[in-house]
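All chains should be modelled from the sequences, with the hints used to inform the complete structure.
The opening residue of the sequence shown carries number 29 in our numbering; numbering runs sequentially from there.
No wet-lab data here; the hints were simulated from the structure. Treat the hints loosely; a few may be bogus.
Stated by the list, open to error - Below are the DSS-like pairs computed for lysine-lysine, each with C-alpha atoms no more than 30 Å apart in a straight line: (1) LYS220 with LYS48; (2) LYS205 with LYS89; (3) LYS93 with LYS44.
Claimed, not checked - Using C-beta positions, here's what the derived DEER-type ranges look like: (4) ARG190 with LEU98: 36 to 46 Å; (5) MET29 with ARG216: 23 to 33 Å; (6) THR145 with ALA196: 18 to 28 Å; (7) ARG125 with PHE90: 30 to 40 Å.
Ideal Cβ positions, reconstructed from N, Cα and C, are used throughout, including at glycine.
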Amino acid sequence: MIPKVNYKSELKTLYKPSAKRVDSIEMPPLEYLMVDGAGEPGSESYTAAIQALFTVSYTIKFIVKRELELMDYGVMPLEGLWWAEDMSDFITRRKDRWLWTLMIMQPECVDRGLVETAIKRVHAKKKLPALDSLRYQSFNEGRVAQTLHIGPFDDEGPTVERVHQFIADSDHQLCGKHHEIYLSDIRRAAPKNWKTIIRQPMCV
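And the structure:
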């Protein structure tokens, strides 16, 4: 029998934060598929990046489960790192000037060779504009503050401020990039019910 792994439960501290409080946690190094881009969410390049990430991630899952028979697992949620060359554009929500890295965490059984195999298979079947921009990379944020935001993305401001205030009150400073993890399928859930983890690296 192929073991089933629920990474959201296995990594509960990372992927199931409270909406009532901000917590500080130490992030372990994790492996991701990533695509870099620029522009507002919903743009053509943004949509293309999401398509490439999920297509390759599901191809990897299929290989791990059906061919290698190592495990069965649910593909992890989409995550995004967000920033701007002029951070005032980020604060004032000039979305056309935003920069981003979209990414999906991969299980520990996945390696670079498996990722390359999956990309080649997708290449042979589909023409995805962002496929050649996809990379496999380790990412380690270190100490972060995080909480769960429930509601539309455009209403995240107070939640982000709460995270930043927690960092200041802890005698730390913001470092790294604003990080969001999208737990809801926005095609099916009402905006008022969208769940997004707000994560911010913090340093002394």
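Taking the hints in turn, this is what the structure says about them:
no. : hint                           : verdict
1   : LYS220 with LYS48              : 16 Å, holds
2   : LYS205 with LYS89              : 28 Å, holds
3   : LYS93 with LYS44               : 25 Å, holds
4   : ARG190 with LEU98: 36 to 46 Å  : 40 Å, holds
5   : MET29 with ARG216: 23 to 33 Å  : 31 Å, holds
6   : THR145 with ALA196: 18 to 28 Å : 46 Å, violated
7   : ARG125 with PHE90: 30 to 40 Å  : 38 Å, holds
Checked against the numbered hints given earlier, the structure breaks only hint 6 and satisfies all the rest.
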